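Colleague: Protein sequences appear in the order of chains A and B. For the first sequence, this note's numbering assigns the number 1 to the initial residue and increments by one for each residue that follows. For the second sequence, this note's numbering assigns the number 1 to the initial residue and increments by one for each residue that follows.
Honestly, the hints are just simulated from the structure, not real lab data. Among the hints, erroneous ones may be present.
Stated by the list, open to error - The list that follows gives simulated cross-link-like pairs (lysine to aspartate or glutamate, EDC-like), each with its CA atoms no further than 20 Å apart:
1. B:Lys-354 x A:Asp-22
2. A:Lys-30 x B:Asp-356
3. B:Lys-354 x B:Glu-379
4. A:Lys-82 x B:Asp-237
5. B:Lys-354 x A:Asp-54
What the hints assert, rightly or not - Listed below are several chain A residues computed to face chain B (Cβ distance under 7 Å; list not exhaustive):
6. Arg-27
7. Pro-39
8. Asp-54
9. Ser-55
10. Leu-62
11. Pro-83
12. Ala-86
13. Leu-87
14. Leu-90
15. Val-96
All figures in this text were calculated on a predicted structure; none of them were measured in a lab. Think of the CB as a built atom: it goes at the ideal place given N, C-alpha and C, for glycine as much as any other residue.
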Amino acid sequence: MALVTDTVNDVTVVTIPGEVLDASNTRILKEELAGVLSPGAKLVFDLSQLRFVDSSGLGLMLSSLRQVHNTGGDLKLCGMTKPVRALFELVRMNRVFEIYATRDEAENSYAASRRAQP
Amino acid sequence: MKALILAAGRGTRVQPLTHTIPKPMIPIFNRPVMEFLIDLLASHGVRSIMINTSYLASEIESYFRDGSRFGVEIGYSFEGQLKDGQMIDEPVGSAGAIRRIQDHSGFFNEPFFVLCGDAIIDLDLTTLAAFHKERGAVASLAALPVPADQVSSYGIVVAGPDGRVEGFQEKPSQTEARSNLANTGIYLFQPEVMEMIPSGVSYDIGSQLFPQLVERGLPFYASQQPFRWLDIGRLSDYYSVLRMTMTGGLPGFTPPGTEILPGVRVGPNVRFNPRACRLRPPVWIGASSTIEDGSALIGPCYIGPGSTVMSGAHVEESFVFEYTRVGRMAQLRNSIASGRFCIDRAGTTIDVAKADLDWILSDARSNAPSQFDLEPLMEEFLISR
Chain A
1 MALVTDTVND VTVVTIPGEV LDASNTRILK EELAGVLSPG AKLVFDLSQL RFVDSSGLGL
61 MLSSLRQVHN TGGDLKLCGM TKPVRALFEL VRMNRVFEIY ATRDEAENSY AASRRAQP
Chain B
1 MKALILAAGR GTRVQPLTHT IPKPMIPIFN RPVMEFLIDL LASHGVRSIM INTSYLASEI
61 ESYFRDGSRF GVEIGYSFEG QLKDGQMIDE PVGSAGAIRR IQDHSGFFNE PFFVLCGDAI
121 IDLDLTTLAA FHKERGAVAS LAALPVPADQ VSSYGIVVAG PDGRVEGFQE KPSQTEARSN
181 LANTGIYLFQ PEVMEMIPSG VSYDIGSQLF PQLVERGLPF YASQQPFRWL DIGRLSDYYS
241 VLRMTMTGGL PGFTPPGTEI LPGVRVGPNV RFNPRACRLR PPVWIGASST IEDGSALIGP
301 CYIGPGSTVM SGAHVEESFV FEYTRVGRMA QLRNSIASGR FCIDRAGTTI DVAKADLDWI
361 LSDARSNAPS QFDLEPLMEE FLISR
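With the hints as constraints, model all of the structure from the sequences given.
Modeller: So this is what it looks like as structure tokens:
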């Protein structure tokens, strides 16, 4: 299954598919994400379809963040459902990621930081 | 006077709390909900109490035993059977429970209270008994007004100006509702009601016995005396009750432990250096717990006996069950946590095993989980951001 991505200006929004992200499918998703985790990428993961994430799913998001971060890019999240939000708060990952309510807000945050740069 | 406490339900609406304990045993600090009811009954001179049990019956029976510790005498009516070494639940309904006890011994030979075992109340039972007697009622119930926009969450009682019950509406919409009086599940009966409860079948008070009383025009009244009714119908209700207890809002409740600093109470055998932690009272730490240096306890919070709060963990306005290991990366805010689950104030539940979160929450009696691979990476990000 190909990932649904949407690139506007230089920001790529990736819709994380399915309701569940756990040990059964993180490996496949990791392979699919390889293409978008390019050096310096400005990414948004849209999590609005996800209802359940386990530790391996969290691990995938964290390793994705590290990968783009190390090359000057960033990864922001949007559209979290209540159970996913509760999980992020419990494991403190709400302080690792920039999290936005909507896709637009996440995209705009990149535009705002662009404007802020000299 | 006598009483029956209904305690046979499965508590499906408050799972996962009720996977290992029946609903009446849900703890408020160190005391199960039902203990508050037994204390209330005892304080109004009710000494002879029956409890019907079924689901996880032994959890209830082994705690309350014969009742002497609570100044009352308690008997159990077990609804089920032991088959091939397994307890099989066979609940008979709330009215069926009354009938079963009556058929056994004729126990209900005087007016008797029936209370649901899963709410905390401070109803003046003596006043309810006087109300019942003055009207010559065969049945009385305690009703409480609820806001009009919440009637759809309750069984609604329709009563005349003198309190006589005219009918019931089960969770009506706001427009359909003919009253805003909620049935709180607290009843007082004369033994005569027994004639209307069939033997040997499952029978319900609210949906079967009460309509009969109304239909036959028997004296059946709704008292409207004010009282506090803390019903643990949903997980979010449980958080509210705990929060209220932690902030001193539960009258007559003495918090456990010895005060070692203003607002900081600990049980015996606790390993804890208050100066090495971030601390905001009120905080309670149960016996034999370990609070590692470098953790944060931001009150009001309660750490159950035998728990470990690891260095770096953040516990804020939360209630932690006994034998819970709270991991270094854990950030509990407005939550109820155990080694098996975490429930936030809105009732959103995380299943710890399913989400593979033993590095965040685990049973303190199990071996400490290996460090999660991503912990060092998370720390790096947490410092940089």
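Colleague: Against this structure, judge whether each hint is valid.
Modeller: Structure-based check of all given hints:
For the hint linking B:Lys-354 to A:Asp-22, the alpha-carbon distance of about 9 Å falls within 20 Å, and the restraint holds. Our distance criterion of 20 Å between C-alpha atoms is met by A:Lys-30 and B:Asp-356, whose separation comes to about 19 Å. The straight-line distance between the Cα atoms of B:Lys-354 and B:Glu-379 is roughly 24 Å, outside the 20 Å bound, and the hint therefore fails. The suggested pairing of A:Lys-82 with B:Asp-237 holds, with an alpha-carbon distance near 18 Å, which does not exceed 20 Å.
A distance of roughly 7 Å separates the Cα atoms of B:Lys-354 and A:Asp-54; the hinted pair therefore holds under the 20 Å criterion. Interface restraint check for A:Arg-27: the shortest CB-CB distance to chain B comes to about 15 Å, outside 7 Å, so the restraint is violated. The criterion of a C-beta within 7 Å of any C-beta in chain B is not met by A:Pro-39, whose closest approach is roughly 19 Å, and the hint is violated. Taking 7 Å as the C-beta contact cut-off toward chain B, the hint placing A:Asp-54 at the interface holds, the least distance being around 4 Å.
For the restraint placing A:Ser-55 at the interface with chain B, the shortest Cβ-Cβ distance is roughly 4 Å, inside the 7 Å limit, so the hint holds. Hint status for A:Leu-62 relative to chain B: holds, with the closest Cβ pair at about 5 Å, below 7 Å. A hinted interface residue such as A:Pro-83 counts as satisfied when its beta carbon comes closer than 7 Å to some beta carbon of chain B; here the least separation is about 6 Å, so the hint holds. Restraint check, A:Ala-86 versus chain B: the minimum CB separation of about 5 Å is within 7 Å; hint holds.
With a least beta-carbon distance of about 6 Å to chain B, the hint placing A:Leu-87 at the interface is held under the 7 Å criterion. Given hint, A:Leu-90 at the interface with chain B, holds; its Cβ is 6 Å from that chain's nearest Cβ, closer than 7 Å. Because the closest C-beta pair between A:Val-96 and chain B is about 4 Å apart, less than 7 Å, the hint holds.
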